[in-house]
Structure formats: C-alpha cells, structure tokens
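Colleague: For reference, the chains in residue letters:
Number of protein chains: 2
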Amino acid sequence: MQMISSAVLKQMEGASWIRRMFERGTELKKQFGTENVFDFSLGNPDIPPPPKTREMLAKLAEQSGQPMAFGYCPNAGLPAFREALAAMLAKQQQVPVAAADVVVTCGAAGALTSFFRAVLEPGDEVLCPSPYFVEYGAYCGHFGGTLKATPPTLPSFQPDLDAMEAAVTDRTRAIIINSPNNPTGCVYSQETLARLGGLVNRVNATRPRPLYLISDEPYRFLAYGGVTVPPVLPVSPFALVIGSFSKSLSLAGERIGYIAVNPSMPDAALLMNAVTMTNRTLGFVNAPVIGQRLAMGLLGEGVDLSVYERRRTAMAQVLTDAGIAFTLPQGAFYFFPEAPGGDDLAFTDALLRHNVLAVPGRGFGLPGYFRLSFSVEDHVITGSAAGFKAAVAEME
Amino acid sequence: MQMISSAVLKQMEGASWIRRMFERGTELKKQFGTENVFDFSLGNPDIPPPPKTREMLAKLAEQSGQPMAFGYCPNAGLPAFREALAAMLAKQQQVPVAAADVVVTCGAAGALTSFFRAVLEPGDEVLCPSPYFVEYGAYCGHFGGTLKATPPTLPSFQPDLDAMEAAVTDRTRAIIINSPNNPTGCVYSQETLARLGGLVNRVNATRPRPLYLISDEPYRFLAYGGVTVPPVLPVSPFALVIGSFSKSLSLAGERIGYIAVNPSMPDAALLMNAVTMTNRTLGFVNAPVIGQRLAMGLLGEGVDLSVYERRRTAMAQVLTDAGIAFTLPQGAFYFFPEAPGGDDLAFTDALLRHNVLAVPGRGFGLPGYFRLSFSVEDHVITGSAAGFKAAVAEME
Numbered sequence: 001m002q003m004i005s006s007a008v009l010k011q012m013e014g015a016s017w018i019r020r021m022f023e024r025g026t027e028l029k030k031q032f033g034t035e036n037v038f039d040f041s042l043g044n045p046d047i048p049p050p051p052k053t054r055e056m057l058a059k060l061a062e063q064s065g066q067p068m069a070f071g072y073c074p075n076a077g078l079p080a081f082r083e084a085l086a087a088m089l090a091k092q093q094q095v096p097v098a099a100a101d102v103v104v105t106c107g108a109a110g111a112l113t114s115f116f117r118a119v120l121e122p123g124d125e126v127l128c129p130s131p132y133f134v135e136y137g138a139y140c141g142h143f144g145g146t147l148k149a150t151p152p153t154l155p156s157f158q159p160d161l162d163a164m165e166a167a168v169t170d171r172t173r174a175i176i177i178n179s180p181n182n183p184t185g186c187v188y189s190q191e192t193l194a195r196l197g198g199l200v201n202r203v204n205a206t207r208p209r210p211l212y213l214i215s216d217e218p219y220r221f222l223a224y225g226g227v228t229v230p231p232v233l234p235v236s237p238f239a240l241v242i243g244s245f246s247k248s249l250s251l252a253g254e255r256i257g258y259i260a261v262n263p264s265m266p267d268a269a270l271l272m273n274a275v276t277m278t279n280r281t282l283g284f285v286n287a288p289v290i291g292q293r294l295a296m297g298l299l300g301e302g303v304d305l306s307v308y309e310r311r312r313t314a315m316a317q318v319l320t321d322a323g324i325a326f327t328l329p330q331g332a333f334y335f336f337p338e339a340p341g342g343d344d345l346a347f348t349d350a351l352l353r354h355n356v357l358a359v360p361g362r363g364f365g366l367p368g369y370f371r372l373s374f375s376v377e378d379h380v381i382t383g384s385a386a387g388f389k390a391a392v393a394e395m396e
Numbered sequence: 001m002q003m004i005s006s007a008v009l010k011q012m013e014g015a016s017w018i019r020r021m022f023e024r025g026t027e028l029k030k031q032f033g034t035e036n037v038f039d040f041s042l043g044n045p046d047i048p049p050p051p052k053t054r055e056m057l058a059k060l061a062e063q064s065g066q067p068m069a070f071g072y073c074p075n076a077g078l079p080a081f082r083e084a085l086a087a088m089l090a091k092q093q094q095v096p097v098a099a100a101d102v103v104v105t106c107g108a109a110g111a112l113t114s115f116f117r118a119v120l121e122p123g124d125e126v127l128c129p130s131p132y133f134v135e136y137g138a139y140c141g142h143f144g145g146t147l148k149a150t151p152p153t154l155p156s157f158q159p160d161l162d163a164m165e166a167a168v169t170d171r172t173r174a175i176i177i178n179s180p181n182n183p184t185g186c187v188y189s190q191e192t193l194a195r196l197g198g199l200v201n202r203v204n205a206t207r208p209r210p211l212y213l214i215s216d217e218p219y220r221f222l223a224y225g226g227v228t229v230p231p232v233l234p235v236s237p238f239a240l241v242i243g244s245f246s247k248s249l250s251l252a253g254e255r256i257g258y259i260a261v262n263p264s265m266p267d268a269a270l271l272m273n274a275v276t277m278t279n280r281t282l283g284f285v286n287a288p289v290i291g292q293r294l295a296m297g298l299l300g301e302g303v304d305l306s307v308y309e310r311r312r313t314a315m316a317q318v319l320t321d322a323g324i325a326f327t328l329p330q331g332a333f334y335f336f337p338e339a340p341g342g343d344d345l346a347f348t349d350a351l352l353r354h355n356v357l358a359v360p361g362r363g364f365g366l367p368g369y370f371r372l373s374f375s376v377e378d379h380v381i382t383g384s385a386a387g388f389k390a391a392v393a394e395m396e
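Top to bottom, those sequences are chains A and B. All residue numbers in the first sequence are consecutive under the numbering used here, ending with 396. All residue numbers in the second sequence are consecutive under the numbering used here, ending with 396.
Worth double-checking, as some hints may not be accurate.
[Stated by the list, open to error] Cut-off 30 Å, straight-line C-alpha distance, at most; resulting in silico cross-link-like pairs (DSSO-like, lysine-lysine):
#1 K29(A) to K59(A)
#2 K91(B) to K59(B)
#3 K91(B) to K389(B)
#4 K10(B) to K148(B)
#5 K389(B) to K30(B)
#6 K29(B) to K52(A)
#7 K148(A) to K59(A)
#8 K389(A) to K52(A)
#9 K52(B) to K10(B)
#10 K389(B) to K59(A)
#11 K52(A) to K10(A)
#12 K59(A) to K148(B)
#13 K52(A) to K91(B)
#14 K148(B) to K10(A)
#15 K148(A) to K91(B)
#16 K389(A) to K29(A)
Derived from the structure by calculation, the hints contain no laboratory data. Here the structure is a predicted model, which means the values were calculated and not measured.
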C-alpha cells in the first residue's frame, strides 16, 4: 500500500550520506571493535556540559515541587530568557535587540522550520552557498520551497557572490548562510557579509515581498586563532540570526536555540509574531522548558574550547602527513579536505577499507571533497594516521 | 511589505478563541486584580509534578559531567525509553507493541505534525468529530491537508458515525479522534471505537492509499468514576495511538509524547521510519533528552488525581446552581455546557462582564456551547458561582 506521501518517500530514498556512514560505522564497529574504527562522521559534541550544569539541575530539582514548575510557557519562550538573550545579542550583533525581537526555539533546526513556514509560499526559492548542511533542503521542502545551491570560491570556501546575485529570481525568498560553516569550518568574512547585505538591500528596493538574509550560527562560539565571527544583523534590515546552545553548552539533545530579527526590519513584530505562531502550530508549542531554564542559567558559560583547538592541530597533522590538501578550518569542528584522486565516493570507500569513517562531499552539495568531524577523542585522530596514508596510497 | 506567507497570515487573523480569552483575561487581571478574575480559559495542568521528579532531576544533575550527558540521541528516542513505552503500551492497548513500533516525540503535538507530514499529500482530508482541538486544522494545513469536521451525537458528544462514514472521500487520509476529549470530557466508548475500526477497515479493503485511524490521548490517565478509556489499536490494523506526559506528569512545558502503531499494520516499519525522519527534518531532531530521561524515570508515577475529581464535583455544583445544562465529563479537565440563551459568544461576553473567563464553543467547531477548564485552584471554582448566576440572569 502507499503508506506515506510521495515527497517523504523520495526524501527517505535519498537518505543522507551522514546516516549511511553512521550505519556502515555501526557494522564496522561490531566486526572490528569500537577501538579499531576511526569515526569522523558525526558532529555530536562530546565535551561534557559546563560544570555549572550540575548546580543548575540541582536547583531545578529543588523547584520541581512547585505547581507549573515545568508547565507550558509562553510560545515565544520564558520572558526572562528572552530578555537575557536580547542583551547577549545586542552586544554580539551590535544592534539594539530587545526581548520582542527574539523567539526561543527547539534548537536552530526548529528556528529554521518555524521561519520557513512563516515566510515561504509554495514555489519560493531559498539560496544557499555550497557546501551546506543537507537538511536545509528538507526544511524548505516541507512548505513547498526549494533550496538552490550556489558555488563557493575555492580554496577559501567564501560564497561566490556574483554567482549568488545571478541566481536571485522573483521567487527567491531567503538567502541562508552558515558561519562558522558546517562542513568547511569557513568563517564568512566581514566583506562577504557586507556584500550579501548590499545584495539583499538592492533586491528589496524593487519588490513587495522581501528577500531575507538568515545566518545560522550554532558554531559562533568556536573560532580559532583570534578569528572573530562578524555579526550579520548590521548588514541589512532584512537580516536574521539563528543560534543554538547544542554545541556551546553540549546540550544538543535538549534542543534549545533561538531566532532574532534586526529590529529595524519593517514589520519586524509581524514577522516575529508569525514565527511565534508557527513555532506553536508546527508542534513545538514552546522550546523545552527545562532546557530553557538550564541555558538561561548557563548563558555566560561554555565548554572547554582548548580541547577542540588541540584536536584541530592533531587532525591537520594527520592530513598533512598523509599528503591530503586542505584549507585549515577557522571555526566549527570540521575539516573539508580535497579527496585524493578527485572522487569523494572512491576515497571515502578507500577510507572505509581502513576503518576510517568520513562523509563524501556530495552529501553537502560539493563532490570532490570529504568531511571529517574532529568532535572525537584525541586517540581517534592519532589512531587514524595509518588508515589515511593507506587510503591515499590506494588512490595513486 | 508582504512579510509572511498568505496561509500563515490567514491563520494569524483567525487567532484562536483560547488566545483571545487569554488576552482579555490579562487585561481584566490588571484592572481588577488576579484574585478577582475567575479564569477557566486555559488547560495548563497546575498540579505539581510527582514527588519523584526531584529525585530524578538530582540524579540527572549527578550525571551531567559525563560526555554526551545531554547530547543528540537517536531520532526516534532513547532506546531504553522506547522499550519501556512499548511495554506500557502493550499492556494498555492489548496488542504486542515493540520498541520499533514507538517513536518518542516533542509532545502529542509533535507526534501529530510528524505523522501528518509523513502521510499527507496536498489536497488530502482529515476527518475529525466536532467539537475538537482547534490546532488540528493548522497541523494538517502545514502540509496541504484540510481538516473536515463531522457532527457529534448530543448530548453524549460521541461522534455521529453515520455522518462520518458519509464524509469519507477518496482524499480522506485519516480520521483523528481525541479521547478523553478536549473540550467535552467525553470518553469515546468501546462501541464507538469498534465502529470506527470497522469503517476504516471497510474503506481500506477498496483502495491503495490507506485511511488511518489516530487516537490522540493526552488525557487517558484522567477518567472519573470507574470509566476506562478503551484501547484503539485492537480495532484496526491501521490504528495509531498518540500520548503525552504533559498532563499526567505536569510536564507540559518539557514536551514529551509518543506515537505508536498497531504492529499488524502492513508496512508498519516503513511508516515509523517515515515518522522518525519527519520528526528529524521538521526540526524536532529528537524529543528533548532531559525530558525523555525524566519521563522514563517517572513512567509508573502520576499526579494526584483526587484533586481533579474534587474540582469536577465543585464545578458541576456551580453550574447546577446557576441553572446551566451540561453533560458531566467522564474524563479530562473540561466541562462543555450549553450556553444559556443559545449564543456562545453572547454568553461568554456576559461571563466576561462578571470577570469569568470561558472559551466559546465556536473555538472548537461547535457554537452554542462553551468550554471551562477546571485545571484551576478550588477557590477559583467556588469564587465564580455568583458570576455564573449573574451572567445567566443577563441572558433571560
């Protein structure tokens, strides 16, 4: 029988490369033992939450006997948390963000689907520079939107802005960027953001349906060697920023994120009311209230970043020793090196033969590369060196 | 500018009656003081979570220093929690439910949107007996579906099954019921379920796209006077059950629910894989992991039901004394009485003049009635008696 809708069936058939690697990895670990498999396929932050998490949860335990302790909260989030986020964002984004400009969401993913539901008409397009996080396509597709990828500039991975401008049509409703980027680790420069803002503002001067600029920034906290992630809100009144505590507080499973609008956007309040409503009616209702209270208490905290810095150095050494070309990531916890031999599938298959799990670049809209997550224990990185060398040798 | 999509703009203009009453209530409380306003508009469970919640949260605090303590979990939920839910459901539903037949979701609402996304094609219809929870319409509408209401049998509020059968078309993809019912408190009888199952099975014998029967049961734990809520899974291979811990554990803000399929459904695994995927790609990713661990630890627990029983008795007395006709609710925490004078808007307006907040029946697809939530403190019920009498007098 035709159990499920044709669109969802199609999505299932195109199961993500990350998931396929995860499944191959599970088989390999059964066969060879976990300690003999070097798994760089998943971006699951493995550093423990900040020590203060314990104290905050103990406090929530004490308060759990109160009526409504964990009851429904306003759909847009706990008022005190929105205030605190607004103050944080005003400083970070250098525009006067108020509580009303922020909606707390079920992670960055919940922010994106609530936003797309609020603004997309069926047939609308969303532009995204490749390589990109594959699920963006599904997020738009639920509401009749289509993700259109535009090429990167190589080897920096900054977006090709001329190509992006050429790709804008009357149906382009949003440009989405992700910085620091998954999968490349690229931090989009101030110049990139300024030019994107200029593009969006030029387009919006000519038409009644705005073109939005959304920056998805779950890895903002994680930039290396003095690189700073420039703020997106100042570059256009039509800019929005999305963030998450999944990685910065290692709370990925509890699903706390937010979306904030540039307060100078015309009708900003209407848009945020719409997002508050879609956040409710998509079934989120409100972001998980224990996570909201936890993240509010941990707002000044972060996980130990020196661990990621050390792993980045170790991973770079392993790749260099294997003769693999790469651009050093400026942020996030991914490398996106060139696939030796040029075929990302052939190379990740070769890696698999040596028990190394990586995701082919085509899983991010850019064949010829592959992604490594270095959110893994140090011994996984050092232990993989021989496997990388052997896989490269097979390509020659 | 046209900031948001036309469909969402339309939804916003039709802001729910519950929300309008909430806003009127906020004004009244400012004007007269909270203690002088009798607010029966919201179904927010006010009984504290079970005492064991404190112990469970303290345990989670102890474990919070572990890597991945609150990291991503499998999209379908923590394996141990799915096992425990399956065991609970096998007993409750009297069919052999296994862990693979259960997906943990972001509340019952998240279960419904993930399910509708998985099965609805644009243009499909979902049948629902009125009165019904208004957001069902939005849940279907996100994915091009339309909710079609069918009339109840009065005064019992059991669905009119002949009318429902007559309303089935080739595009009917699901029948959704809610028992114990919000807003009526009606528990759908074994006979009602058996007849619904028969209808679904007859329809499915004739066509390749199945008609599903979904029972949304967040109030299953709350039935009065020895009434039991009969299980839906045995009545059809195409039945699914949705539940939640929002009310039974007073955890509404933390968003933990589930969807379970009759394991004898053809291709049950395909459907549950689809729901697991839509649960991920709608942005839920996984149900909040702290809430999952909490609910798993509290699975045998419940809030103190005698409180709701006492309030039901008190509310019935207030209505009887005011000369208002009602069917005593068999479950949940709502009364759905007849509006004196016959016009639900006129009567809820009269109640407002006496600082009593109720929601007109048209907010649930059934004008001529009004909804009272008795999830309120006892003094709100007793304090409202004069207001009810005065409002009734105004209708005469």
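Colleague: For every hint, state whether the structure bears it out.
Modeller: Structure-based check of each hint:
1. K29(A) to K59(A): 39 Å, violated
2. K91(B) to K59(B): Distance of about 28 Å is within 30 Å: holds.
3. K91(B) to K389(B): Violated, at about 46 Å.
4. K10(B) to K148(B): Roughly 18 Å separates the two Cα atoms, so the pair holds.
5. K389(B) to K30(B): 24 Å, holds
6. K29(B) to K52(A): Outside the cut-off at roughly 38 Å; violated.
7. K148(A) to K59(A): 46 Å, violated
8. K389(A) to K52(A): The given pair, whose Cα atoms are some 42 Å apart, is violated under the 30 Å limit.
9. K52(B) to K10(B): 44 Å, violated
10. K389(B) to K59(A): Between K389(B) and K59(A) the Cα gap is close to 45 Å, so the pair fails against 30 Å, i.e. violated.
11. K52(A) to K10(A): Since the Cα atoms of K52(A) and K10(A) sit roughly 44 Å apart, the hinted pair is violated (cutoff 30 Å).
12. K59(A) to K148(B): Violated, at roughly 46 Å.
13. K52(A) to K91(B): Given that 30 Å is the threshold and the Cα spacing comes to 41 Å, the pair is violated.
14. K148(B) to K10(A): 28 Å, holds
15. K148(A) to K91(B): This hinted pair is violated, its Cα atoms lying about 49 Å apart.
16. K389(A) to K29(A): With a Cα-Cα distance of about 21 Å, the restraint between K389(A) and K29(A) holds, given a limit of 30 Å.
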